[in-house]
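Those protein sequences? They're chains U and E, same order as listed. Counting along the first sequence from 1, when you hit position 185 you're at 185 in this note's numbering, and nothing is skipped either side. Counting along the second sequence from 1, when you hit position 81 you're at 81 in this note's numbering, and nothing is skipped either side.
You can trust all of the hints, since none of them are fake.
Pairs of lysine-lysine, DSSO-like flavour, derived with a Cα cap of 30 Å:
#, chain 1, residue 1, chain 2, residue 2
1, E, 46, U, 56
2, E, 197, U, 197
3, E, 56, U, 46
4, E, 56, E, 46
5, E, 130, E, 56
6, U, 56, U, 46
7, E, 56, U, 56
8, U, 130, U, 56
Hint data in this document are derived by calculation from the structure and do not stem from the laboratory. Source: prediction; values computed, not measured.
There are 2 protein chains.
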Amino acid sequence: MADLSAPSEYSDTERTIFDAALQVFAREGRNGARMQGIADAADINKAMLHYYFRDKRTLYENVFAYTVRQFMASFDISLTEAPTFAETLRVFIDGYVDFVRTHDAAMRLMVQENLAGGTLLGEHMREATKTDRTPPSILVNTIEDAVEAGEIRPVDPHHAVLTVISTCLYFFVARPTVQILHPPAERDWDAFVEERKDHLFDLIYRGLAPRD
Amino acid sequence: MADLSAPSEYSDTERTIFDAALQVFAREGRNGARMQGIADAADINKAMLHYYFRDKRTLYENVFAYTVRQFMASFDISLTEAPTFAETLRVFIDGYVDFVRTHDAAMRLMVQENLAGGTLLGEHMREATKTDRTPPSILVNTIEDAVEAGEIRPVDPHHAVLTVISTCLYFFVARPTVQILHPPAERDWDAFVEERKDHLFDLIYRGLAPRD
DNA sequence: GCCTGGTTCAACCATTTGGTTAAACCATAC
DNA sequence: GTATGGTTTAACCAAATGGTTGAACCAGGC
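Model the full structure from these sequences, guided by the hints.
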């Protein structure tokens, strides 16, 4: 199992800083984030940031490396091979949406890095693949197998996986917009999230069902 | 029809600045963007930015207001009522994906504002709704009508619309990640986009088909 | 020619920001 | 008690950044 919490050898103070930094970087981006802002979020003196994580770049790289590990491992974590593809998909969607809800900031930071050009993505993803050997290709393989077994119609598994990820992830990224355009999501976000799990399973499972 | 290009009364210089600012804000975010960076992207002296757009905040608000107008109008533009729902959906997906491809930076800026908390979203979206009277609810209505006509099974139209938007939009946002994880998308992005239109129509249309 | 107006630029200024430092704090060991 | 070592803090510094300014530039009108 991948190391999913921030590195466990962290002291309390380091964890506090790490968590605050993740939150601020996810919101403001690599360059938009201010060291003072992170210090405030951690309710700690600014000099502590430099005492524990040399400088801004080092702090960001630590937080981002962790984020990539989260992202890479998220597929593996949510995927439990069940007797039928329908069950596997249902469990995956439920698990993945819950994962994103729980690791909201990390997912938003991944998006930030993508928007910023994704220069750090390559090496860190290769790194995470080596350490955890759980690339998203496991999910792709699951779809491939289901196609071969005739459980679903022939589809490009890469597009199918991308579609699942998009639909489970994007509404968290665009949460402010969703809540403005759809008041029920504003009134009770958690209920909206649960509704969405049902909707996504229904739509995607039917969408993948074999031709009649 | 909505005013989709940057305000037409702009001079050449203003347009150059505006376009450069859109690119940089979309990449770096509201606070991450640097005025010098925008000036460089526009190949223009930094003082010009202040000559034409008072200060950073004003520049951002102008660019962002335009972006919201784009986003709000995008649904209307891509939606052409066709004889059957299948055709309407096909045309919408094709049109919307093309729209996002063309207005890539504007869409990424929308995401940036969402990540940053979306404080500006509310007023600007209300503003855009007044001016253009083309909120995304038109799309919601289209789905509702198709449900009532029995062309598709009963689904929550808000979730259905969100699913369509997510799948058409997110892979542009996460393009660097997609290209790392799926080399064909790196080798020929445009071909990948075309593939994706087909995949999305197939999956979503089957997913919405009436129960047998 | 030479005004006149908008436009462009290099140099400059004030504030913010990332980062440093030296002293203070506070456990624990002796 | 006090020496020791890691931890925390306020004050400080240098560079980056947003923003200003006064002069130069360059049309078009006279």
